[in-house]
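Q: Start from the sequences, fold in the hints, and give me the full structure.
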Amino acid sequence: MIYADNAATTKMCKVSIEAMTDCIEKFWGNPSSLYAFGQNAAEKLNQARKTIAECIGADSAEIYFTSGGSESDNQAIISAANIGAKKHKKHIISSTFEHHAVLHALKKLEKENFEIELLDVHENGIILPQQISDAIRNDTCLVTVMFANNEIGTIQPITEIGRICHDKKVIFHTDAVQATGHLPINVVEQNIDMLSMSAHKFNGPKGIGVLYVRRGVPLTTLIEGGAQERGKRAGTENVPAIMGMAAALKESCYNMAKSNKKLIELREKIIDGLSKIPYSVLNGDKKNRLPGNVNFCFEGIEGESLLLLLDDRGICASSGSACTSGSLDPSHVLLAIGRPHEVAHGSLRLSIDENISEADVGYIVRSVTEIVDYLRNLSPLWKDKITGKRKFFLI
Amino acid sequence: MALYSEKVMDHFRNPRNVGSIENADGVGEVGNEKCGDIMRIYLKIDNDVVTDVKFETFGCASAIASSSMATELIKGKNLSEVMHLTNKAVTEALDGLPAHKLHCSVLAEEAIRAAIEDYFHKNQIEYIS
Ligand SMILES: Cc1ncc(COP(=O)(O)O)c(C=O)c1O
Ligand SMILES: [Zn+2]
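Chains as they are written, first to last, in the numbering used here: chain A, 104 to 498; chain B, 17 to 145.
The set of hints was computed from the structure by calculation and includes no laboratory data.
Note that CB positions come from ideal geometry on N, CA and C, so glycine has one too.
Take these hints with a grain of salt, some might be off.
[To be verified] Under 7 angstroms between C-beta atoms, here's a sample of chain B residues computed to sit facing chain A:
(1) E49
(2) G52
(3) R56
(4) A77
A: Structural data, given as structure tokens:
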């Protein structure tokens, strides 16, 4: 099997599995218990907090454990909204291609009379810092822009956006779920007030994540109960998962530079290969994207068919087609960068990691090329396009 | 557990009756590019019997498998029977489809009906739909 869907989830790395099993076997006490056995678990928890804080240039006290990216996004946005509401500031700036965890949380706030302004991300899938400065008003309480997009991989100018927000004293949150462990992050240098991460995107376990919150920004508690996480998130801590997450993040950050160099080379090979397919287009900026992300649209192709035929050849990938999602609309990300519905249905996302070899890359390119050709030959639509009865959207 | 039944995957991987028929007696097309599924059915009809059928489909696995199965179900059948082919019959023959994919099998029923109506229309045959 060639696994090229690391943006969906990743395989746990060895050190993460070891950290987890070690914890399950030896440190399974409750960190809130007073006896030494419980406090040993508390000690592990604190070590993990410290490790994670160091990886992003934060302080241990600024790390809150959550159930993952979705919860972190929700808590960050609701907290900033509550801070804003107290000062009668109810304007929030975000982008059209955020993850649904952000967009749906914002949609909810809209019903509570918050004004949500979603900035255009242009055809290359990148926001300009100037758009943020232009959009910030006296009543803006939050800017939330993702670090890197989960579908097209484009990296946003986070440092610049952070500086603008800092200067104008507006809280800046970034959904860094796709970036953490893959791109260098320093919350101080980049002026990030809140940051979401999720362990299963950097070879850690599923169902565990972090919300980093700069000291002084008051969090709203979403889950009431015990005093865990300084009263901001109740529930007995998932110590094994937290230890697994810390080990995975440390390992990812340690290997980042070397791994990214290899990934970028492989990514470019895939992009070059797939660009040779007629009537295809790369989605997202050519260079300013996650090292392992490739996203294409192929005209006259329906994504689900492409994915299933790739699966038959042992390749795991994903698509933004409507028929893969169960909804009638194709990916909001592809629509946000201006792809028409007709083209967005035929999208393919490959998100590779360093387990992919050069031979795999060749096999992927060959397979996609052959399947696209096969499906087009099956299609009345394609026949109409090449005989001029229907127009092409891509040139 | 796979998303689709073995039957669906079989017809998706090895679709029967793919292609077109020159000078077909009836051609029907339904769906649109924006929604992501288009089916075109070609019929050869002799003495009210479907003697040959071919299809071309743009769409998901469910759409391709439904077209393939539908063509198998109507080949050699009398028009009166073919007119009454339902998406339910297509779905059952495929050992079921996930709920959100049923609309793709409806397209197969509609494409066949459109092809027969085209045949009736071309031959100025009165019919009640
Ligand atoms: C950008 C982004 N944000 C948030 C999430 C949600 O993370 P989780 O699955 O950990 O809740 C994901 C995962 O798909 C993501 O890619
Ligand atoms: Zn479909």
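Q: Does each hint hold? Answer for all of them.
A: Right, here's what the structure says about each hint:
no. : hint : result
1   : E49  : holds (5 angstroms)
2   : G52  : holds (4 angstroms)
3   : R56  : holds (4 angstroms)
4   : A77  : holds (5 angstroms)
Checked against the numbered hints above, the structure violates none of them.
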